[in-house]
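Make the complex out of the two chains shown on their own, each in a separate frame, by following the hints.
Taken in sequence, the protein lines are chains A and B.
The numbering of the first sequence is this note's numbering, which starts it at 360 and goes up by one.
The numbering of the second sequence is this note's numbering, which starts it at 8 and goes up by one.
Just so you know, these hints were derived from the structure itself, not from any lab.
Treat the hints loosely; a few may be bogus.
To be verified - Keeping only pairs whose Cα atoms sit at most 27 Å apart, straight-line, the calculated DSS-like set for lysine-lysine is:
| id | chain 1 | residue 1 | chain 2 | residue 2 |
| --- | --- | --- | --- | --- |
| 1 | B | K20 | A | K426 |
| 2 | A | K445 | B | K45 |
| 3 | B | K45 | A | K441 |
| 4 | B | K45 | A | K478 |
| 5 | A | K426 | B | K45 |
These numbers were taken from a predicted model, which means no experiment stands behind them.
Below are the chains, spelled out letter by letter.
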Amino acid sequence: MHKKNDDSSINHTEAVISIRGLYKSFGPLDVLKGIDLDVFKGENVAVLGRSGTGKSVLIKILVGLLKPDAGNIMVLDKQVDKLNQKELDALRLKIGFSFQNSALYDSMNVRQNLEFPLKMNYPDLKKNEVDKAVEEVLEAVGLKDKIDQLPSDLSGGQRKRIGIARTLILKPEIMLYDEPTSGLDPITSIEINNLINDVQQQYKTSSIIITHDLTCAKATGNRVAMLMDGVFLKVGSFDDVFAQTDERVQRFFNYNFIQ
Amino acid sequence: MMESKPKSFVFSKGIDDYFSGVSSAFQFIGRFFRQASKAPFHVREIINQCYEIGLRSLPLITLTGFITGMVFTKQSRLSLETFGATSWLPSLISIALVRALGSLVTALICAGKVGSSIGAELGSMRVTEQIDAMEVSAINPFKYLVVSRVLATTITIPMLALYCGFVGLLGSFVNVNAHEAVSFISFFKEGFATITFLDVFTSVVKSIVFGFTIGIVGCYKGYNASNGTQGVGRAANQAVVLSMFLVFIEEIVIVQISNWIRYF
Ligand SMILES: Nc1ncnc2c1ncn2[C@@H]1O[C@H](COP(=O)(O)OP(=O)(O)OP(=O)(O)O)[C@@H](O)[C@H]1O
Ligand SMILES: [Mg+2]
Chain A
360 MHKKNDDSSI
370 NHTEAVISIR
380 GLYKSFGPLD
390 VLKGIDLDVF
400 KGENVAVLGR
410 SGTGKSVLIK
420 ILVGLLKPDA
430 GNIMVLDKQV
440 DKLNQKELDA
450 LRLKIGFSFQ
460 NSALYDSMNV
470 RQNLEFPLKM
480 NYPDLKKNEV
490 DKAVEEVLEA
500 VGLKDKIDQL
510 PSDLSGGQRK
520 RIGIARTLIL
530 KPEIMLYDEP
540 TSGLDPITSI
550 EINNLINDVQ
560 QQYKTSSIII
570 THDLTCAKAT
580 GNRVAMLMDG
590 VFLKVGSFDD
600 VFAQTDERVQ
610 RFFNYNFIQ
Chain B
8 MMESKPKSFV
18 FSKGIDDYFS
28 GVSSAFQFIG
38 RFFRQASKAP
48 FHVREIINQC
58 YEIGLRSLPL
68 ITLTGFITGM
78 VFTKQSRLSL
88 ETFGATSWLP
98 SLISIALVRA
108 LGSLVTALIC
118 AGKVGSSIGA
128 ELGSMRVTEQ
138 IDAMEVSAIN
148 PFKYLVVSRV
158 LATTITIPML
168 ALYCGFVGLL
178 GSFVNVNAHE
188 AVSFISFFKE
198 GFATITFLDV
208 FTSVVKSIVF
218 GFTIGIVGCY
228 KGYNASNGTQ
238 GVGRAANQAV
248 VLSMFLVFIE
258 EIVIVQISNW
268 IRYF
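One chain only, chain B, in its complex shape (with noise of 0.2 Å):
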């Protein structure tokens, strides 16, 4: 009956298929704000998947922050000595910290882990079915899987940023605390002072929107996996790929957004 017809493109198919693949994703991040704006709301599940990411995530940025702080503590040290500048470190380092390290650091880490491991997840449930599953049980997978996820990592980024920034904190404050007599209150007092309000709300909206990313992006590309385990593999490895890619692009225009604002 039906005769296959030509496929013909509007420019060539590699251009075809770059549009058709980015209208789909602004199709699917519509999708997510309609069904996350109604009920019913699957809060257990939220929590639940908050308590997961969060959770899973803990040791490494602990690790990771501790490391950086302490590092680039250590390193900074050596150009601020030739000018006789350290006591200048504690400021730097928390301006370091919370502008950008703490934010940016989570946010790879989480790339990494958490978004990987949606893009696998949701990957291996939609080739083995267990979406359509759900689907023919009359349960509305992305509301349930998608909607929850991508919350959760928008609720938990942030505050995962916001402790790496003080792990990092500590981890500069026990090298300075071996150069200098320099105690823990003042060593905070001193870092504190030099952060504005604008600094800190820059940084949370940063890590929301990191968070929003890395969500969004391991469950369009675990929702959409094809091709049977393989895909899975792909979906999770380009969860991590794109997501890294996004975070540093946004985070170069937010900085500039805000340091627009602070020159204002």
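Chain A with its partners taken away, still in its complex shape (with noise of 0.2 Å):
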């Protein structure tokens, strides 16, 4: 357990989401400047950059939350942006989407909290049913015990994981993680790194892991994106990019030691 999947288990040839061209701009700021990337069925892709380089942006625009200014958007071979709202929902139930503040309803426990998407989607399912589905998420993110707390009453790692559960409930196919371990202790970190292996193996899902964590990439990802000026510097394994002698790529590795 706990390791991400080798290059064998990656199906190269089926790209679960597949970026041309993205551009995305707010007035008078231009975040994205024509972005690339497939990513494949089964594959983790980590994406680095500094912060306010449009990381969010990106997997934002992946579920519909923002709407791309240029570009071709495939996510599951639906183009997300010319989706009607009935496919968008559709689409967003394969999708599981970890905020980087976790945004766990703070009116609703833990067991609400995990009930409410399924409930409101499956509307027929049976109490039993609903219960052990929540059982079964708890379990893969080892917070059991938590069950009847509030969100305000957990830590900031274990909020992140009740929110990965929260959108593991619904059987997602892609997971798009957003920070998943910033704001959080080393040690804390290498347990969500594992976390998000063991989803990867248990569920069959294909990822995006925002980060600017080095470690938490290279333990993560399967590949590695380089975000920088709105645009992908490099993308390809952790190794490769970080060779790179370009000065910026150098300087962020750096600096991710030496804070």
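As structure tokens, then:
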């Protein structure tokens, strides 16, 4: 357990996410300036980049929370920005989105947080089926004893895990993690990295992992993409990317370890 | 790639912003009616919200209603005494409470209490991305959060207003009873004798309008909150100010219309 998929279990001919020429700006601020990326079935791609480079914007576009200005974005063979609400909802059920700040519903306890997406999308489920699903995802994230707690009583790392559990309950094919380890101590970070790899194996997901934590990128990413000034400087294995002599990449690498 | 073009305004920035604000508010209202008329209906959540809103405001409404009725009676007594007309008190107070005070006092209290809490709640859900989280799990947050709350205020506030009127009459009775030997039954008999169907009807319609206003303004401000925690405070604050302002305007308009009908 805890290991990421090896190359042989990734289907390099089937892209679940395919981005071509993605542009996005907010008023005068150009954030993404021509992004190309494929994520293959069974693969974890770690997207690295400094604060404010548009990493969150990128995955928000993938779930239709933001609209691209230009570009072709295919997720599970659907063009995200051209779907109507019904089609978009159907696609969103197959995508798990773990928010940077967890975004747990703070008026609900852990159980209600987990039940909510299930009950709202499948109102005909019986109580024992819901209970079973809740138990299963709590087991997967290792927090069974927190079921009756309120989000405000959880630590940052526990909130992250409940956030991930809440997306797993819908059995997604794609996981999008926004900074899963930010603000956590190194040991908790490693636990989250392990969880991400376990999810990849157990739920057979393909993922994008947004992070500026190199340890996380190395541990979870089958490939690493370096986002800088609105474009990917380099996409490849962790070692390839950081073998680059590009000064900006080196600086990012060095600062990460000095910090 | 895309050149950022210099922004041009139809009138000026201020006026343009004002009109785009008004148009987005009306779009929000339109969206409410479209979504409210379509299944699925989150009945449980609506009942839940009615219960929350009603119960949370009950103590304050009871207190304010009672005191309003009592103080109003006390003050009117002074003027009526000079004409020896204190026997008019029950009818005077009933008219005042039913026609104006019950619904207005309730609306103002709920604007402060319910409007601000809806604004703050939805505002904090917006800025902590809980609303986005609903959206990405294929849940319609507008329907779940906004429609249920607006329906709840529209249902609950008229009930609270009727209750407030009743408690006000009780407060008035306490004062009347202390000065004149008027029984409970005859106080209410006299009071209700002067009230017409139109009075009650107008008052209920008014409260429905107030309830809708308070709910939709709170939701609109909260749902569109931005700028972190600061935005949450601002949403709550603006919800109160704007809904109170609108309640007064609506009061004037509805009273005017009902007077036309009355003297038609
Ligand atoms: N809805 C929005 N409206 C206007 N500007 C936005 C919006 N969302 C993001 N931005 C801007 O886009 C830029 C990129 O934001 P984004 O949140 O994607 O950064 P990030 O790479 O995720 O950074 P961090 O590591 O701090 O989370 C920022 O400058 C931000 O101000
Ligand atoms: Mg981010």
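A quick look at each hint next to the structure:
Between K20 of chain B and K426 of chain A the alpha-carbon distance is near 25 Å, which keeps this suggested pair within the 27 Å criterion. At roughly 14 Å between alpha-carbon atoms, K445 of chain A and K45 of chain B fall within 27 Å of each other, so this suggested pair holds. Restraint check for K45 of chain B and K441 of chain A: the C-alpha separation of about 23 Å stays at or below 27 Å, so the hint holds. The suggested pairing of K45 of chain B with K478 of chain A holds, with an alpha-carbon distance near 19 Å, which does not exceed 27 Å.
Pair hint K426 of chain A plus K45 of chain B holds up; C-alpha atoms about 26 Å apart against a cutoff of 27 Å.
Consistency with the previously given hints is maintained throughout, with no hint failing.
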